[in-house]
Structures are given as structure tokens and as C-alpha cells.
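Protein chains in written order, with the numbering used here: chain A, 1 to 1019; chain B, 1 to 452.
Honestly, the hints are just simulated from the structure, not real lab data.
The reader is advised that the hints may include incorrect statements.
[As the list claims (entries may be wrong)] Below, computed lysine to any residue pairings styled on SDA-like, alpha-carbon distance capped at 20 Å:
{"no.": "1", "chain 1": "A", "residue 1": "K428", "chain 2": "B", "residue 2": "P57"}
{"no.": "2", "chain 1": "A", "residue 1": "K1014", "chain 2": "A", "residue 2": "Q687"}
{"no.": "3", "chain 1": "A", "residue 1": "K309", "chain 2": "B", "residue 2": "D392"}
{"no.": "4", "chain 1": "A", "residue 1": "K857", "chain 2": "B", "residue 2": "L14"}
{"no.": "5", "chain 1": "A", "residue 1": "K428", "chain 2": "B", "residue 2": "D36"}
{"no.": "6", "chain 1": "A", "residue 1": "K309", "chain 2": "A", "residue 2": "Q325"}
{"no.": "7", "chain 1": "A", "residue 1": "K309", "chain 2": "A", "residue 2": "Y934"}
{"no.": "8", "chain 1": "A", "residue 1": "K819", "chain 2": "B", "residue 2": "G97"}
{"no.": "9", "chain 1": "A", "residue 1": "K819", "chain 2": "B", "residue 2": "D92"}
{"no.": "10", "chain 1": "A", "residue 1": "K428", "chain 2": "B", "residue 2": "D92"}
{"no.": "11", "chain 1": "A", "residue 1": "K428", "chain 2": "B", "residue 2": "L450"}
{"no.": "12", "chain 1": "A", "residue 1": "K428", "chain 2": "B", "residue 2": "G97"}
{"no.": "13", "chain 1": "A", "residue 1": "K857", "chain 2": "B", "residue 2": "P389"}
{"no.": "14", "chain 1": "B", "residue 1": "K148", "chain 2": "B", "residue 2": "P122"}
{"no.": "15", "chain 1": "A", "residue 1": "K303", "chain 2": "A", "residue 2": "K378"}
{"no.": "16", "chain 1": "B", "residue 1": "K98", "chain 2": "A", "residue 2": "H429"}
{"no.": "17", "chain 1": "A", "residue 1": "K309", "chain 2": "B", "residue 2": "E435"}
{"no.": "18", "chain 1": "A", "residue 1": "K303", "chain 2": "A", "residue 2": "K428"}
{"no.": "19", "chain 1": "A", "residue 1": "K819", "chain 2": "B", "residue 2": "S132"}
{"no.": "20", "chain 1": "A", "residue 1": "K257", "chain 2": "A", "residue 2": "H444"}
{"no.": "21", "chain 1": "A", "residue 1": "K928", "chain 2": "B", "residue 2": "D396"}
{"no.": "22", "chain 1": "A", "residue 1": "K378", "chain 2": "A", "residue 2": "A191"}
{"no.": "23", "chain 1": "A", "residue 1": "K928", "chain 2": "B", "residue 2": "E349"}
{"no.": "24", "chain 1": "B", "residue 1": "K377", "chain 2": "B", "residue 2": "T143"}
{"no.": "25", "chain 1": "A", "residue 1": "K664", "chain 2": "A", "residue 2": "K303"}
{"no.": "26", "chain 1": "A", "residue 1": "K428", "chain 2": "B", "residue 2": "R91"}
{"no.": "27", "chain 1": "B", "residue 1": "K148", "chain 2": "B", "residue 2": "T167"}
{"no.": "28", "chain 1": "A", "residue 1": "K303", "chain 2": "B", "residue 2": "V34"}
{"no.": "29", "chain 1": "A", "residue 1": "K223", "chain 2": "A", "residue 2": "N250"}
{"no.": "30", "chain 1": "B", "residue 1": "K98", "chain 2": "B", "residue 2": "Q358"}
{"no.": "31", "chain 1": "A", "residue 1": "K857", "chain 2": "B", "residue 2": "D36"}
{"no.": "32", "chain 1": "A", "residue 1": "K819", "chain 2": "B", "residue 2": "V34"}
{"no.": "33", "chain 1": "A", "residue 1": "K819", "chain 2": "A", "residue 2": "E861"}
[Claimed, not checked] Which residues of chain B face chain A? A partial, calculated answer using Cβ under 8 Å:
{"no.": "34", "residue": "P355"}
{"no.": "35", "residue": "Y432"}
{"no.": "36", "residue": "G433"}
[What the hints assert, rightly or not] Facing chain A, a subset of chain B residues (Cβ under 10 Å, in silico):
{"no.": "37", "residue": "P77"}
{"no.": "38", "residue": "Q358"}
{"no.": "39", "residue": "I359"}
{"no.": "40", "residue": "E361"}
Keep in mind the model is a prediction, meaning the values are calculated, not measured.
Beta carbons are placed, not taken as given, at the ideal position from N, Cα and C, and that holds for glycine.
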Amino acid sequence: MRQLDTEVLVIGGGATGAGVLRDLAMRGFEAVLVERRDLTYGTTGRFHGLLHSGGRYAVKDPGAARECIQENRILRRIMPHCIEDTGGFFVCTPWDDPGYADSFLEGCRVAGILVEEAPIGRMLAEEPLLDPQISRCFRVPDAAVDSFAAAHANVASAREYKADIFTYYEVIRLLTEGGGRRTAVSDRSSAVVGALCHDLVKDEQVAIHADLVVNAAGAWAGKIGASAGVEIAIRPGKGAMIAVSQRIVNTVINRCKMPSDGDILVPAHTVAVMGTTDVQVPDPDSFAIEPWEVQLLLEEGEKIIPGFKEMRMLRAWAGVRPLYQETRAEDSRDITRSFVLLDHQERDGVSGLITITSGKWTTYRKMAEATVDLVCEKLGVKRECRTHLEVLQAKDSRQRTVDCRRSSVDRGLPRYHLLGERLARIEKHEAYGQLICECELAAHADVERTITEGEAKTLDDIRRDVRLGMGPCQGGFCTLRAAGILHQLTVDSGLCTVEETNAALRDFLEERWKGILPVLWGKQLQQERLNELIYVNVLDVEHLPGPRASRLAAQPYALTPSPRPAGHPPSPLPELALSEAEGLGEGKGGGGGRGEGVVVIGAGLAGLTAAWRASQNGRRAKVIAKGWGATHWGSGCIDVLGYHPIGAREPVANPEEDVQRLIKENPEHPYALIGLEELHEALSAFQELCRESGYPLSGALDRNWLLPSAAGAVRPTCLAPETMFAGDLHSDEPMLIVGFEGYHDFFPHFAAANLKAQGFEARAVTIELPSLQSRRRVDTMTLGRSFDLEVFRAEVAEAVKPHLGDAARLGFPAVLGLKNPIGALRDLESRLGRRIFETPGLPPSVPGIRLHNLLVKAIQEAGGSVYNGMEVTGAITDDRNQPAVSRQPSAGGGRIEAVQTESASRFALHAAQEFILATGGFLGGGVKTYSNGYAQEMAFDLPLYSLTQSEQRFQATFLHPEGQPVFRFGARVEADLRAGYENLYIVGSALTGDFLRERSLEGVALVSGYAAGKNVGAK
Amino acid sequence: MTSPSHPSPRIPELTLDQCIKCNICVSACPVVAVEDRFPGPKYAGPQAGRFRGARQPSPDRSVDFCSGCRVCNMVCPNGVKIAEMNARARRDIVASGKVPFVQRLRNNLIARTELLGNLAQPIAPIANILLSNSIIRGITESTLSIAKDAYFPPFAPQRFSRWWRETRKPVSRRNLVSRQHPKNKIRVHPRSSASHVVFFHGCATEYYEPHVGRAAIHILEANGFEVIIPPQNCCGLPLLSNGEFQAARRYHENNVRSLAPYARRGIPITGTSTSCTLTLKEEAPELLDMHDEDTRLVAEHTYDFHEFLLQLLDIGKLVTENLSPIPLRLGYHQPCQYRAHRIGSPALEIMRLIPELQIVESHADCCGIAGTYGYKKEKYEISMAVGQPLFDFVLDVGGPMAVCDSETCRWQITHGTGMPSIHPVELLAAAYGFEPEGALAEVLHHQLSLKV
């Protein structure tokens, strides 16, 4: 066991611990801080980010109010770079007691909080989304803080004063002495002499001896104290918060009423955080969010901002307030919000231990000051606190000087953080080609620095440092990138094996998932489906070697359901249900005369295939789509059946056999409805089309290819373009994986290491090309277009040649040209004398775009047309009892006469003989879900079914082998793919079943599109 | 979820919620394909949009390279209003005073087509010589950053509105009795609104190509409409796409004031310039946050010219008998601003009515000019590179001319290929038997002489 000695040991790397450490170090103590995870992993990293003016406590807790405003002023001075000076409003909504405003004003006056009443017009000019029914508005000096940055700044300052911090050091127990050995609980004369810790990274125990231990473990302080036999009555109070995906307010909004649930809306960086609930929990590790909490926050949000419920929610999380109470109180919000400092020698007769707990983020510095004052007293020295005098330095990459800083600098005002700083920095350096997390604008260098210079040990630590993965896509694009960088930086030093990188990647996906889980509806659900397409279907990270989760993984939530407090309405059970019919009212007439053709709704693989097949029979096909479809996201291969059943460990070797089995097991599967024969026909007809278009797809139904993904996983697929099948892993020929310097979507060393770990011979090289170095942006499309040029291919070949070695084949990202990929492939192969293959990765998918383009061309050449920008919003049916435009399918299976689309300033109608719905279900946006649990098919309001019964809609993990049950819902069809109406056919992912997990996404799209196109054509 | 009036959310920025970061827009953007200084629609719109705050200085620079072609909006599977977000971000750059003086001056010059027309058209012969003089263009490039090679169409010898006043006897309008709008001097017949139509000619028809307007008037009158041309300003789109929102607002307010009385009576408003009609329908109200009743009425009553004809066709009221054949094979490019109406391609469907006319459809994304974009020195080359696939298409289809609905696109096609280009309405007017003008006249006469 390792031993360490120090003067003072601080337990807990939250705001308080970091503040105490800095204060100790500044007063000349030798100090060490241990944190069981990363800094701010606990409550500090899970609060709403409000720097209180004190207004919130003005009436209820004047002492706390006074403390808040004093500290507010100090923090603005010492850490302006962590603070955004948003100001705050207290607003009286129609739901609030109008009498409270006057006591609020009086309370503020007494506490010394500067408050002014703002006219409602002025309020709305500043915050146009606020409810215009708000009757009064008061401006206070609230602000938004970045608690990550603040803790880092404190720790950095402490380090300069020679303090040490150890993260991922979990305290096992306090070390105590008394009569020369560890003492019993009852011994009143024991002494704490340090702590025994578990170093999670090295997986070893470390004993840290100290003259004095400061227990700053927040909500966990009770657990720490208990290990030394000291009882600290912490009552963990869980507070749930929800983040709106964009910053809908630029001012902190408080309801002007007695502090209660869901009455604060804080602009925090790019999002707005709505908080909070207050639930007493037995265990501080109880972070799980209950559905009623989410509903409550939505409903309360709606009272501040009309339309709040309809906005996209990014994530929900909970922090656990460390509320301290010697005697019991009924509602934890009534417990004082002032802090508690316990001298255990005095209180419990246990020397060497001080506990600082409770309090608020806003008063962390004052808590630290009081703590260290006591430390001085204990250690018999007299040193003055200076933490309020010395300004904390902005060291973090986030706080670089930027040109958008206001002239406040010139006026001698604090240089507060501004929302636009990151964008301004990227813009100034034209660094948009360097982005790793595109949502939060975290650049490559930022991520690299957190790994090489900082303490980042997991992707989640990188997130806390640079906000990686905190935007709307929640890691959809940056998880692979960050893992690739982590691998590249750590593999040579032996810090991390590829298995560990894979585990880190999966950890991060799961960490993001648990916060998204409570808000999975609407766009966030669609986003998750896209992320699933990327990580499960295309990259196949679930089958990458290594443990499913690492030791450092964020801990799963302790699922102890909190009892619902009285007075809250019962939450609607989040079950899939049919939405209520929404009549659209009278539509505009017309549309006759030209409706002889087939209208296909949706331009993914299914829709385009259907339109192409229909036009083969001489039918005029018109594709109308809101935008382009999943072709642009997928692998560009045709997966017919990859894993059967879903969650099987081994990939399907012979899809034909397993399809036959599937047909027997599941007679409603699209393959069963359409039949094996038609599947053969559809595949060969499509292969024929691709061949004629100069982009042949190879493969056959009786054998799956095993092709490497961009992450180095082994993907089973049935048909692959010629640009890919040289990568087939049935062959053991050695591979060289080639990446490009400056291209952040593909990490050759990561992919090669994974292939190697699975027993394939693979090496990697990243080539530097002068023609790319001069570019500001090297993305997939840049490369795709560059490979169309012979001069570029020549340059690539020259750069790769010295690295060929024994490689028999070369793997590239899937970017080998858009116009003539086969020509580009042949050209490269002849230049290099090796076979070459592409590996599919992050969207946009160049191979998918090739399929899209050739299908669109085939439709247009056959006299059909493809229109985008048109969203179908309803239909006209022949049922005269229905309103002219209705979403309700007529019971008798009537006919659709026209569909209605949104157009500039009015609706447009599209009449046809037959309609094919190919809107892609959850992924494509054809099915929309709502916060109340409803799911709706958007064009015709078709009923949605799932063929398998499941209790829940979601799994606790993102990568659960069985997939998320919700995605099995879809439209149920007759044998000829019709549903609801006699002239409506449903194809592709709009059908019921989870084809993404089955790895039959393209197969189902293709065969159902083909069959429907044939059926309509036959009429 | 949708309301019968209009389904779009009113604040374009709020649609960034809909973005799932899928990169479809990046793969389709014609500017990003040729210019690295533009980081792409996803970055410029929904990503950067999260870092733009109402009460802080604009952090933007690169968004200025967005041409506003709206291809991103069209391909987006989630309805993110990227182009609008970009336009409003540019407004904030302009408002924060970050646009260099010369560029701002230049933008204000080329975006004020109406002012330019009013000043230069009366001296058309001189103005045309000056605009085509390479020395003068060299000077305007070095002093005003107006690309010296960009094509300026010649001013017409006579304005469209003048022709209108001179050829249509005021009698017909004096017959329009009854109510008078307090703000202007328009009289409308109260009972027969169905047979009236308002024509919005736009600046191109007014100052440069009055023959396009004449062709439209001929067709409308041949279909029994009484055409009304109320006083009108520039639609304001050039100003909107240069971030000069205040000036654009004045124009649009004037137009709404002038057009609303007709819209209120249910009289349709139609125009041959697809970008003007789009601006009236959607761009101006959305970008300028104008959501009042009159603006909405005007928007709802505005139709693209061929959209209007197609509606007539659908109810059997478009004259389609005895159309003269036009035995030509022509390449047709539907402009981005036309696609953005999201109504399919009505012009194509109307042209298909013309016997013997063979239309080859272009599937190129954008001509590159994007209104005033291609006139700027720093963007001229981008504009030409964006247009290259279209130029290739036009040259590939071959002469004698190309067909395109939007004026600046037509000029760009002519500039990029050397081939004349005409508006589809000219073809229909010729098929109706009206005397063709301009490039079409030459071609048809030449054909006629060949036949003879």
C-alpha cells in the first residue's frame, strides 16, 4: 500500500473542497485533496448554475440572502471569467401570489440586494419569450456561473500555492487512532489521522496521513463521517433539472414567490436550465429522475414561457443537496440554506476532523474561509484569509481572450464570460475545421489538451473540461472523435489499450444515455435513433473488443424510486398511445386533373426505390420529401439480416437461411409479407440498376460480407459496393488502414488496433497531404470531392507508397469519390498495386449519397420527379363525413385523393392514384413522439403497433443488446403492404419492427419499396 | 401540431431545436463545396445559432459567405430554417458595425436595385456604356469592391410601368369603382374580384426586362383578367440578403400597404420574379418578424406566376387551346428561390403544355449568383464556381438559349455560358401568339425564316 503524508487532507472535489484547498494553500498549509471521481462529479457539477443575488431567500431566510449578496459581489470580482453577467428577473405570473412581491422588495432592501422594478414592456423587449401575462418584474444581480470552470480555477490556484489534488481517489474509510489501534464507535477519545483511499485508475490502495482532515464531501459527508464513527445528519435532497436544447432566455428567471419546485430558469452557456424539484432521498447516490419530476418541470416552465413544453429538451439530471439537520424537519427546503461547520472534537470528541457541509454554491468561498479559520485555530496558527482579494486566473481553454469581449475591459469592469466567446474564438482563427464537438464548438486542440495536460481520464472528464458532448446530439458525433484522439494519444505511452478506449467510448455513450433517458421524446428521440444508427449500425461499437464498461464509468443511478410527494398530480404513464385526431380544418380545394400518377412520400432508400420501381412500369412517380433521407446517414451497404435474433452474439453468416427462419418465426415481418422470392428479385433488380449506373453492388443472399467499420468493428452485410468488399474479413490478408491528417472523422490507428485485437493483421498510417494542409476544413465531403480529382489521387498514392509494407489491401474512410468512385478506386489500385476498400463511418455517408444520387437519376430519367422541402401535413380522403383535410384514417379503408404539404405561405395539394408512405418512422421523422407519451404517424395518423410485447419503452442502457423497445413500433400492413386506405402503401422503416438492430435496415427498405412500387405499377 | 394558417414556427432561430446534426445540409450546400471560408450550413446556422445572444456583440464572421440559396433548407429532413438564421446573423454583423465601410457602401449600392434603376434607367444609353466599360469596371472594383467581371444587364430604354401607363388606357381602371384605400389611390371593382389580378413586376421587369412583364400581362389578359398594377417598391430581398433589414422593412411595409387592400378583397397577387414573390410570401415576414394581419394577407394571396397559371389549369380556366408549337429543345433551370416556394415546378408543367417544345430539366443546385452575392469582388469567384455545373448543363444541352425563372440567375447563366436566357413566361406568351421580344424573337424569327 502506498503512503502519503500531508498537513491537511480535504475530502471532496466539489466547489467547497476546491475552495477549502485553495484557501488552505494560500494560507501556507500543505494540503491534499482527494475526489472519488473527477472534480465537480458530485453536486457541484449537477446544479443549475445560478449565482444567487440572494433574492430567492429574501423573504424566507434573510441570513442566507445577506450571505448570498455579499459573496455574489466577491465572486464577480475574483472569478468573472466563470460568470456570465446575465442579471436576473423575479417575475409575478398569474399563478403567483401577488402579495409576495411587496415582502420580496422589503426582504431585498433589508438584505442589501439591489432591486429595481422593470416595466413589462421592457422585460418583453429583453426576453421576448416570457409570458406576456406576467404582471410585475424585478431586476436583481443574479448571474450564471460555470461551476466546472470555477472548481478548476480554484484548484489551479491551489496548485500554484503547492497543493496537490488526486482525482479518482475514493475514500474507503477515515484512518483513526485511539489507544494505538482503530477504535470502536463508542470510543470518545479517538483521533482521525488521515484516510484510506482507493486509486481507481491504478486500482490500488493509498493511505494518506494528515494532521487534520476536512470532510467536504457534501451530501456524502455523512458516509465519510460514519467511517470514523461520527454521525453527521445529512439529509440528501434530490433536485432534478432539465435543460432546454437552446438558450431561450438570456436572463435568470425566478418566479416571484416562496421558493418552491420548478421556479428557476437559468441561461447556462448554450442551454437554459429549468429547475428544480426537491425530493428527500435515502442515499446521496440516488440520482434517478422520476417521470413526474420531468412533467412538473415542463408544466412549471410553461408558466414562465408559453410553448415551453413543446421545446426540445436536451437532458435531465439531478443533484443532491447536502442538507444538514440535527433535528428532523418535514420539508427539506425549510432547512436553513446557510452552511454548517462541525468541529468533531468539540461535538463528538473525535479530533483531527472538521466537516463543512450544507450551504449553497454561491457561498462556497465563505464556507471555505470559515473552515480554514477553524483549521488555523486547530493547528494553532493565525493566518488571514485572502481568497476574496486575489483574482482567480483563467487558465482553461475556454477563457481565452476573444475579440467579442465587450468594451467593459476599457471601462475597468470585470471581464465576464460571454456566450459568444467560443464562436468568436473559432471564427477569429477560422478553426471551424478543427471542431471535435460541433455542438459546443470544442476544438481538437482543446480535447487534446485535456488529455495531455489535464486530469481527464475518461471521455466524461473531457466533457467537463471542454463541454464535449453537451450539445443537442449528446455525443452523437464527438464520441468517436474523442475516443479516436484518446487512443492516438495514449496508445504509444501504454496508458491505455484499445480495449480500454473501447470501454471509455461505451462508458461515454452510456453516461450520455442516462441523462437523455428521462426526456426521450420528439427530436431527442429522433436524435438518439440517429446516434444508434451511427454507433450500433454503422460503427458497430457494441461488438468492439474490451469490457462493456470500465472501472471509471459513471456510476449507474441507484434506482430507488422516490415516493411522490403529496400534492403532485399523478404523472401520465409514458406509454405509447394513439394520439387524438387533430382536424386541420378546411383545406384549400383544387388539385384535380393532374393526379394520375403515384406520389411517394419520403426520399430515403425505401421511397426512392418505390418511385424507381413504379416508374419502371410506366407510372409517373412523384417523390415529395421534407428533406433527404437515411441514405445519407447509413453505411451505403445493403444489410439484409446481420444479427438474428436481435442481440445474437454471432453475426448471420447466410442471410437467406436466417431470413427463412425469420419468416417462419414472424409472419408479419416485411420479409415474410413479401416473400423470399421477391427479396431475391428486388436485390438483383437493384444490383442491375447499380451496375447500369456504373456503381455495382456485389454480394449474394446466401453469404454475408464481414466488412470493417470505421471503428474497426466487423459488420455483417449482404450487398456492398465494389469500393468496400476488398475489406472482407473472411480473408486474412494483412491490411493497412489509411487516415488523413486534419480529418477528424476517421482514426486509422484506432480502427487498426481494433481489427488487430480481433485477430486480423492490420497496421495504420496517417498521411499528411500538402493539398489538405492548405485547407481550412477537411471533412468527409471535402475528401469525397477531392478523390474525384486525379491529381489528388496521385498525391495520396505517393504519400501512402512508403508505408505499404506487407499490406495486401488498404482501408480508407468511405470518401473515395462522388462522381466516379469505381474509376477512382481502380485508379488508386493501379497506382498502389494493392486492393483498396472503404470503411463506413460518421455521416454524411458518401456511399449512401452515391445510392441516393443514382436512384434519383433513375427516377428522373424515367419521367418521374423528386421534390424536397415539402412536408406532408395531412390528406384529403373520399370520406365525405370527414373534414376536407383530415389525419384520421377512415374506418372503412377509403381512398386518399390528395396529400397536403406545407409550402411558402400556404398549403399545396398533391393528387394521385396511389400513395406510398416512406417517411422512415422514428429515425426519418415519420413518427413523432410527445412528452405525454403519445406517438403519432405524421402524414395519415396511422395507428402504430409493436409485434412484441414489452413492459417498458426504453432500456437502462443505450447499447442494450435487445435494442430499445420503443423503436419496434410502426405501421402494420396487409400482405400487399397496404394500410389504412385502399390506395396507401407503407414501406421501409415506417413499418413495424426494429430493423436497425436487426441489421436489416436497407434490406427492408429496398424490398418493401420494390414490392410497393411493383404493386402500384401493376394497376 | 400544425395550424391551418401556416405551420412554420415564427422565429427562425427556434427551429435550430430541430437539428439532429446529421450533415445532410453540409453534403448538399453548393457554397461549401467550392469555398473553405464558408464553414457550412450546419455550423453557420443551427450550431453557431446557439452562441448568438440577443444582448451581446455579434461573434460572427464566416456566415457572410452564405449565399442564401436555401438549398440547405430544402434538403434538411427536419425543417431547420438555416438560410433565415444565417440572414439574421448577417443582420447582426451589419448592426454591430463590423462590415468594412467600403463593403457596406457597396452592398447598399448593389442591393438598392430600385434606387439604381431610378438613377440610371433614365440615362440608360450612357449607363449601359459605362457599366460595360472595362476601365470603369476596373475602377469600381478597386474602389467599391464590385467584381469587375460580374455581368450587369443593360437598362431598358423604357420602363415597364411607363409602357403600362401608355398602352393600357386609364379608362379600364376608372371603371373600377367603389372603395378607396386611404393610403393610396386605388379603386377596385367590388363585385368582380375573381376576374382581377394584381401584378407585382419587381425591379428586373421595371428597369431591365420589361418584355417579361409584357408577356405576363398578355397571358393574364388573354385569360380574361383585368390586371392591376398598384404602386410598388422593390421587394427588399437584396437588402435582406445584405443584412440591411431596416431599409428592407421600409420597402416591405410600403408594399404591404399598397397590396393589402387587394388581398383583403381576395384578389390574387402574382409576379414573374420568383424571388420577389417568395419575399412577399415568406422571406420578408419571417426575417423581419412582421406578423400583422395585412402582411399575412398579402403573403397568402401572393402566387408565383406559373403557380397561379397551374391553379387556373386545375380548375379548367387556363386557355390551353390552339397553342402555337415552339419546336425547340431548351435547357431549363429552376432557380433556388423558386424551389424554396416548395410547390414543385409549376413552370415546367406549364411549359409542357406547349406543343413541340422539349424541355430538358437541369438538376444543378444553384447558379451561384444568389442575388447580389456574385457581384461582390470577394465572392465573384465562388459564385462562378457554384454555377459551373449549371453552366456545363446549359452548354451540354446546347442553344439557342436557356430558360430560367429568376432574373439574376438568367443573367448569371448568360454570363457563364454566353448563351441568352429567357423567362418561361415568354415561351407561353409566344405560344399564345403574342409577338416575342428579345432573344426569343431572334430565335423564332430565325426559325421562321429557315422554314420559309
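Here is what the structure says about each hint:
1. A:K428 with B:P57: holds (14 Å)
2. A:K1014 with A:Q687: holds (16 Å)
3. A:K309 with B:D392: violated (50 Å)
4. A:K857 with B:L14: violated (35 Å)
5. A:K428 with B:D36: holds (15 Å)
6. A:K309 with A:Q325: Violated, because 36 Å separates the two Cα atoms, which is more than 20 Å.
7. A:K309 with A:Y934: holds (14 Å)
8. A:K819 with B:G97: With a Cα-Cα distance of about 43 Å, the restraint between K819 of chain A and G97 of chain B is violated, given a limit of 20 Å.
9. A:K819 with B:D92: Given that 20 Å is the threshold and the Cα spacing comes to 38 Å, the pair is violated.
10. A:K428 with B:D92: holds (17 Å)
11. A:K428 with B:L450: violated (62 Å)
12. A:K428 with B:G97: With a Cα-Cα distance of about 16 Å, the restraint between K428 of chain A and G97 of chain B holds, given a limit of 20 Å.
13. A:K857 with B:P389: holds (16 Å)
14. B:K148 with B:P122: violated (23 Å)
15. A:K303 with A:K378: violated (51 Å)
16. B:K98 with A:H429: Holds, at about 17 Å.
17. A:K309 with B:E435: Violated: K309 of chain A and E435 of chain B sit about 60 Å apart, past 20 Å.
18. A:K303 with A:K428: violated (40 Å)
19. A:K819 with B:S132: Violated. K819 of chain A to S132 of chain B sits at ~38 Å, over the 20 Å cutoff.
20. A:K257 with A:H444: Violated, because 45 Å separates the two Cα atoms, which is more than 20 Å.
21. A:K928 with B:D396: Roughly 44 Å between the alpha carbons, so the hint for K928 of chain A and D396 of chain B is violated.
22. A:K378 with A:A191: holds (13 Å)
23. A:K928 with B:E349: violated (34 Å)
24. B:K377 with B:T143: The hint holds at about 11 Å.
25. A:K664 with A:K303: violated (53 Å)
26. A:K428 with B:R91: Since the Cα atoms of K428 of chain A and R91 of chain B sit roughly 19 Å apart, the hinted pair holds (cutoff 20 Å).
27. B:K148 with B:T167: violated (38 Å)
28. A:K303 with B:V34: violated (47 Å)
29. A:K223 with A:N250: At roughly 39 Å apart (the allowed maximum being 20 Å), N250 of chain A and K223 of chain A break the hint.
30. B:K98 with B:Q358: violated (49 Å)
31. A:K857 with B:D36: Not OK: K857 of chain A and D36 of chain B at ~28 Å, beyond 20 Å, violated.
32. A:K819 with B:V34: holds (15 Å)
33. A:K819 with A:E861: Roughly 18 Å between the alpha carbons, so the hint for K819 of chain A and E861 of chain A holds.
34. P355: violated (18 Å)
35. Y432: Nearest chain A Cβ about 20 Å off; hint violated.
36. G433: Check failed: Cβ of G433 of chain B comes no nearer than 24 Å to chain A, outside 8 Å.
37. P77: holds (4 Å)
38. Q358: The hint is violated - Q358 of chain B has no Cβ within 10 Å of chain A, the shortest such distance being about 13 Å.
39. I359: violated (12 Å)
40. E361: holds (7 Å)
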